[in-house]
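Novice: Residue numbers (the working numbering), protein chains in the order written: chain A, 2 to 440; chain B, 2 to 440; chain C, 2 to 440; chain D, 2 to 440.
A few of these clues could be false.
No copy is singled out in the list; a pair is fine if it fits within one copy or between any two copies.
[What the hints assert, rightly or not] Below, in silico cross-link-like pairs of lysine-lysine (DSBU-like), each with a Cα-Cα straight-line distance of 30 Å or less:
| no. | residue 1 | residue 2 |
| --- | --- | --- |
| 1 | Lys263 | Lys76 |
| 2 | Lys263 | Lys87 |
| 3 | Lys87 | Lys76 |
Hints in this document: simulated from the structure, not taken from any laboratory.
Protein chains: 4
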Amino acid sequence: MFASPAILRIFAGEAFVRQMLVFEAALARAEGRVGVIPAADAEAIATAAESANLDVERIFAESARAGTPAIPLVKYLTAEVPGDAKRYVHWGATSQDPIDTAMVLQAREALDILEGDLQRLAQACSRHAEQQRETVMIGRTLQQHALPITFGLKAARWLALLTRQLVELRRLHEVISVAQLGGAAGTLASLSDQGPAVVAALAEELGLADPGLPWHTERDRVGALAAGLGVLAGSLAKIATDVSLMTQTDLGEVTEAVEAGKGGSSAMPHKRNPVDVIMAVSATKLALAQVPLVLGAMAQEHERAAGGWQAEWAALPALFAYTGGALERVLGSVAGLEIHPDAMRRNLELTRGLPLAESLTTQLGLAIGRPQAYALVQAACERAVAEDSDLLPVCLADQAIAAHLSADQITQALDPAGYLGATQHFIDRALADYRALED
Amino acid sequence: MFASPAILRIFAGEAFVRQMLVFEAALARAEGRVGVIPAADAEAIATAAESANLDVERIFAESARAGTPAIPLVKYLTAEVPGDAKRYVHWGATSQDPIDTAMVLQAREALDILEGDLQRLAQACSRHAEQQRETVMIGRTLQQHALPITFGLKAARWLALLTRQLVELRRLHEVISVAQLGGAAGTLASLSDQGPAVVAALAEELGLADPGLPWHTERDRVGALAAGLGVLAGSLAKIATDVSLMTQTDLGEVTEAVEAGKGGSSAMPHKRNPVDVIMAVSATKLALAQVPLVLGAMAQEHERAAGGWQAEWAALPALFAYTGGALERVLGSVAGLEIHPDAMRRNLELTRGLPLAESLTTQLGLAIGRPQAYALVQAACERAVAEDSDLLPVCLADQAIAAHLSADQITQALDPAGYLGATQHFIDRALADYRALED
Amino acid sequence: MFASPAILRIFAGEAFVRQMLVFEAALARAEGRVGVIPAADAEAIATAAESANLDVERIFAESARAGTPAIPLVKYLTAEVPGDAKRYVHWGATSQDPIDTAMVLQAREALDILEGDLQRLAQACSRHAEQQRETVMIGRTLQQHALPITFGLKAARWLALLTRQLVELRRLHEVISVAQLGGAAGTLASLSDQGPAVVAALAEELGLADPGLPWHTERDRVGALAAGLGVLAGSLAKIATDVSLMTQTDLGEVTEAVEAGKGGSSAMPHKRNPVDVIMAVSATKLALAQVPLVLGAMAQEHERAAGGWQAEWAALPALFAYTGGALERVLGSVAGLEIHPDAMRRNLELTRGLPLAESLTTQLGLAIGRPQAYALVQAACERAVAEDSDLLPVCLADQAIAAHLSADQITQALDPAGYLGATQHFIDRALADYRALED
Amino acid sequence: MFASPAILRIFAGEAFVRQMLVFEAALARAEGRVGVIPAADAEAIATAAESANLDVERIFAESARAGTPAIPLVKYLTAEVPGDAKRYVHWGATSQDPIDTAMVLQAREALDILEGDLQRLAQACSRHAEQQRETVMIGRTLQQHALPITFGLKAARWLALLTRQLVELRRLHEVISVAQLGGAAGTLASLSDQGPAVVAALAEELGLADPGLPWHTERDRVGALAAGLGVLAGSLAKIATDVSLMTQTDLGEVTEAVEAGKGGSSAMPHKRNPVDVIMAVSATKLALAQVPLVLGAMAQEHERAAGGWQAEWAALPALFAYTGGALERVLGSVAGLEIHPDAMRRNLELTRGLPLAESLTTQLGLAIGRPQAYALVQAACERAVAEDSDLLPVCLADQAIAAHLSADQITQALDPAGYLGATQHFIDRALADYRALED
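Please construct the entire structure, taking both the sequences and the accompanying hints into account.
Specialist: Below, the structure written as structure tokens:
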């Protein structure tokens with residue numbers, strides 16, 4: 002319920018085996034090119050790896066005992082390779098080489114999925130930012146009404162956040178796109194002095210970067226990937242939190258789109274639950290739980306870890322799947338969001354003009370100096386509260402204020418739409434930054 | 002590879018649906034007994050719930066949209082109930098009631114699995130403690146050789162730890178064995194004044210405790226369960242760490258039992274990897290990652306959470322499955338552990354008697370006072386190091402020492418087996434505590 | 002700003018040194034009683050330890066290099082002990098023995114502080130539960146209005162949660178109240194066969210339990226303590242979350258007590274921020290971050306850990322201090338909470354009676370069967386929404402409904418105060434459970 | 002004991018207040034430049050802010066009540082500003098603006114400290130990589146001996162890791178170097194249409210980037226900073242783990258430099274504890290615990306968070322201080338590391354040549370084909386184990402092997418120094434990458 006189905010497929014056992022076979026094929030070809038193994042044998046291995054139809058369940062059943070899926074994989078791949086070429090399967094590599102490289106290939110596919118959804122979400126936010134740029138609502142700080150904003154500005158700030166995350170996703174794509182090949186102890190000993198050439202050729206075959214040195218136990222790239230996904234999950238949690246709060250019945254400022262079978266209650270027919278953001282919030286929590294796991298697992302022993310590396314096999318797929326699930330849910334919510342400007346206006350007026358007191362003070366201050374203005378407005382506010390009245394009529398009736406400002410000026414100073422500062426500028430800026438990125 | 006298959010089955014979709022149906026059956030029977038609904042209808046619902054063969058995949062597909070598996074469950078169960086009895090299905094309950102109660106029933110089954118394996122592990126440790134009580138090895142602190150212990154003492158300390166965890170598991174069993182029934186807002190409003198009687202009857206039907214009040218958003222019991230499993234996982238990590246370190250080729254003090262297809266290397270035929278403890282270490286990390294998730298999710302809003310509760314649905318099964326997986330792996334490792342007393346002895350002697358210097362000082366001090374004894378032994382130690390000799394011949398040849406202690410006394414003072422303090426007492430104590438618990 | 006000052010004092014360097022000296026005094030006395038060291042020397046050491054005025058800063062400066070505060074502590078304590086008694090200072094103990102025991106003594110003091118504040122908080126909740134037992138408000142689930150509850154019920158559920166936490170705190174007190182004494186490798190080798198007797202006497206001197214075996218690297222008790230505090234922090238987060246949400250300007254159901262200098266805004270004079278619950282939420286997050294640290298550190302090597310144990314020195318004080326800070330803040334908020342029944346009533350009526358539709362259906366169903374009743378009420382609800390009217394006048398004017406229910410019956414069925422189910426029962430139960438515990 | 006003193010100073014209360022004053026001075030100057038406030042008043046404020054000697058303790062005492070340090074800060078700063086300029090103090094800003102900007106300024110200073118130490122650590126690793134490039138030792142995977150490497154290669158892999166972290170630190174420096182200025186609700190309402198110009202001028206004054214939009218509740222930059230520090234802490238944990246394992250008495254391959262008062266034992270005079278790496282391991286655990294806290298706190302409400310943001314105030318300083326502490330400790334350990342090539346050689350020979358079997362198989366296979374070669378070598382290995390002999394003499398005496406390889410060839414094939422693959426290449430690569438970065 003919380004994971005992205007598309008990402009689950011990328012990390013399924015079948016796909017993992019397939020990606021390890023992609024590595025074995027590329028390794029053979031690379032070694033053929035460099036001349037480490039005969040070209041014909043290289044091609045035979047590559048062909049077998051690319052067409053092999055291995056028994057995935059058996060491989061994973063044996064993995065549990067072997068402690069690594071690479072050993073049964075190599076065994077069954079070898080059985081598919083004809084004749085003498087058999088002896089060159091997995092030549093020079095260690096278990097961790099295909100496993101890490103397969104993870105890299107899976108991560109790239111998953112990042113592509115995330116990027117697509119992230120673009121769609123940014124697109125939805127840019128639409129709200131544009132369309133709702135004048136929809137006034139109250140800004141809230143520390144759970145309290147503060148000053149007016151517009152819903153367009155809220156969406157623009159989400160957009161700015163997501164635009165930065167798009168940049169970040171592309172950076173992560175580059176960070177993790179490195180091949181892994183080190184052999185049993187990271188020296189590529191059995192490749193004699195041709196190791197580096199094989200690594201370079203392998204990386205080229207796979208469209209990955211040459212890592213320079215093996216990184217079997219230096220997991221900074223994996224840590225950076227996990228950390229980056231965590232920041233994305235946290236960013237989604239921010240948007241989900243905002244939407245969730247605005248859907249409170251008491252606020253009623255937005256609702257998720259109606260859909261059959263969605264958001265009802267088993268006990269209360271009048272309810273319409275914001276299912277997408279609730280599931281999104283859960284999914285971000287589940288995603289974030291994987292981050293410290295991956296970072297904590299970086300303390301890996303010597304040339305191959307005794308537990309920390311293996312934990313990545315479960316943690317990274319979970320992190321991707323839950324982050325993707327959260328993204329799908331936030332997209333589902335935000336893209337179809339019904340916006341209720343009337344409710345926003347009603348909530349804004351709940352405190353009857355008090356958030357605009359600062360605005361009136363500023364205007365009045367131009368005429369009589371801020372201290373005196375502050376005292377007059379403060380007194381008007383207190384009267385409005387005492388009389389349970391809007392601030393506007395109280396101010397209009399106030400002789401001391403009316404002596405310096407016309408009724409129009411007072412009305413304008415207390416108009417939320419007139420006290421929005423740089424709101425339009427910020428919306429334009431967020432839209433421009435997003436469009437610049439997408440072009 | 003890291004999760005317990007038995008526990009995965011307990012938390013599989015099918016089993017979850019079955020447990021929710023157990024709740025719905027018990028609820029109907031309870032309401033029949035109390036007189037809230039007609040007895041015949043109660044029985045019709047209970048029968049349908051117990052015999053229903055619902056389409057689990059469809060239920061979960063609809064759950065993703067509904068935001069809860071209880072809504073489709075109740076819908077399809079109702080379709081199975083004949084006639085007028087239909088209207089009393091799920092009577093007075095809210096979605097969270099069957100979901101939480103099903104979780105409780107699953108948790109109890111999973112705790113039983115854990116307890117069984119924990120007993121087996123404790124049994125294995127008690128066997129080692131008994132059989133290896135005199136097998137001398139070096140005790141290590143901060144990675145350094147300290148003083149001699151026996152492997153039996155190490156096993157006895159594991160046993161004492163596990164004995165306490167057995168007590169703790171039973172406590173968790175009790176903590177979590179409570180029914181959940183609160184209705185839409187926790188008031189059981191639609192049961193009028195019969196709510197508490199229904200809760201009591203429901204709890205009785207299920208063999209659970211009456212919670213007193215509903216606990217929809219007061220998740221201390223769930224938090225305590227997660228935290229307790231975390232402590233168990235941490236305890237297993239301690240044992241796995243010790244075994245893992247002792248299996249280092251450089252120490253070679255223990256090895257995991259040989260088994261076909263287990264622990265080999267894809268590159269190096271001479272290797273025998275301690276697969277079980279390595280997988281155990283990974284599994285404990287994966288388990289522990291769930292604990293802060295559950296505790297962090299305790300900040301649940303009002304009468305039903307908007308994300309925190311739902312995250313439990315994925316976190317608790319993962320926590321149980323990984324803890325169970327770690328336990329199976331530690332059991333697999335420890336139960337079949339091959340112990341190498343010769344290697345233990347060899348490692349103990351690596352520093353050539355220096356760890357026993359304190360012992361000799363004490364003996365000598367009885368004769369000439371500690372300060373002078375300390376100075377003499379200290380000098381002997383320095384000579385031993387300088388001459389690359391064992392401490393014993395140096396001391397035997399030392400006139401100042403020999404003036405006060407016989408060769409036998411010196412030899413005895415430098416015998417690791419003679420400087421074990423309360424080792425046997427502690428082993429006996431751990432065995433006695435364990436046996437007292439199991440009787 | 003987030004930590005409890007009282008608890009910070011308990012874990013300050015001075016207090017830590019003092020508690021280690023308490024251990025050294027008790028150890029000397031215990032060894033004197035058992036006859037391991039001369040009684041006069043024992044008393045000399047104990048007297049020196051109890052009256053020593055050590056240079057705490059110097060001890061901690063040297064600790065950073067020594068890797069443990071016990072080594073400089075023992076050095077400077079020894080300097081304070083007269084004559085031959087010097088040689089018996091710290092006799093048979095290892096650094097970890099005074100450090101762990103001091104931690105136990107500090108934990109007990111901190112638990113007492115927590116218990117006192119927890120009682121005060123429970124008391125405040127019991128007062129609200131009693132006084133507001135009839136104060137009707139809307140129950141909220143998944144951010145949506147559900148059915149009516151009373152504020153007294155909400156407070157009663159907090160109370161039930163806190164009552165369980167009081168029981169838990171007392172359990173933790175017992176769990177952690179164990180002495181630590183194992184000597185260099187956990188064998189008490191230098192105490193020959195008198196080790197266990199010394200441990201027993203030491204425990205008695207300190208009012209702690211005899212641990213049976215040393216627990217230098219078996220940290221389940223510490224893990225259980227951390228986990229238990231985590232559950233307490235999570236429980237406080239639930240209450241803080243509820244209060245924080247109710248203080249939203251849009252809801253305005255409660256406000257924190259006014260106090261000079263508290264809760265103002267640097268920019269907006271009309272704001273009154275719920276400072277205490279906001280700080281409480283922060284403090285619970287800070288507390289919870291320590292729990293996985295302590296649990297993750299349980300994987301301790303051999304007979305003394307190389308990093309995991311030492312991390313406890315910073316993690317446990319932080320966990321206690323932040324949990325205590327959260328508790329003080331929640332107490333500050335809840336004890337002085339201003340409750341606004343009018344706002345609660347206004348919010349309840351926001352959906353104009355719809356949450357009571359279920360109640361009317363039930364009443365009407367008694368006369369004409371539920372299906373027909375459901376259809377009639379459903380139609381009335383739709384009319385009320387379409388006409389922007391309260392549900393009550395629509396139902397009163399509905400001939401089909403009026404044919405079976407009197408105006409009084411309809412009015413009563415739509416009265417929130419009449420559809421509260423077991424609310425009073427639950428309040429009574431929570432109060433009774435709390436009082437039973439406190440008596 | 003775990004925190005960096007230099008970084009603690011950067012985040013001390015005094016320094017925090019000073020940085021907020023830097024913000025207030027820069028804000029006044031920016032507003033003076035843009036013409037929002039009179040230039041003379043701007044200068045008066047800036048001068049007061051830069052020379053103010055505020056009572057830090059009083060500010061923080063009031064902060065606890067106000068819920069923010071900015072309110073008392075502004076109050077006391079205003080008191081220092083002469084005449085009419087008072088009214089323009091903090092003009093247009095909200096509490097979060099100086100607090101966030103001060104955090105940015107502190108983070109930059111702390112990153113500089115980290116970078117300096119990181120360079121020193123990389124330098125030490127590059128020295129080891131160069132000097133020990135031929136020092137043969139055993140590579141270890143999954144706790145088992147694998148194939149030979151050199152200590153220089155191990156250091157080179159640390160160096161490659163640290164070089165990437167240096168690049169990363171500089172990226173973080175850029176990520177976090179943004180000003181914060183949004184006013185009460187993020188609209189800069191009281192600056193009318195001059196808000197963006199003021200932000201730009203403020204950023205320029207402080208040498209920071211203009212953020213485009215305010216980021217009060219979009220904490221991706223802070224999350225990225227925390228995550229990046231987490232990756233650094235994890236990287237340090239990897240190195241500390243390696244060193245810690247190599248210092249095991251049983252391995253004895255490295256020891257930390259001797260220093261008075263460092264690494265002794267209160268009970269065992271023969272011990273030399275690797276204090277620095279042990280403290281480093283603890284510090285990395287403490288640092289990593291802060292990362293999920295910061296990421297989890299990203300779910301911030303509306304225009305200012307109710308708890309999540311505030312938690313950063315304690316989490317970020319702790320994260321920096323512990324990461325810095327870990328770095329200092331790893332530097333202390335690695336820079337002064339005593340390396341014991343003899344012990345490395347002894348450990349390498351522990352398995353009597355078996356790790357080189359693969360090398361011999363390869364050589365022999367060139368002559369007679371791999372399958373037959375494998376069988377012959379395998380048999381020789383078994384004989385060596387059975388006879389408790391080195392592999393070399395067994396192979397030299399083996400007629401079937403000697404028929405194809407000379408004694409010299411056999412000896413060479415079994416020489417660890419001859420089976421190091423790309424070791425020298427990798428060392429050169431790591432050194433070159435590091436030097437390229439530093440130039």
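Novice: Flag every earlier hint the structure violates by its number, smallest first.
Specialist: The structure conflicts with no hint, since it agrees with every one listed earlier.
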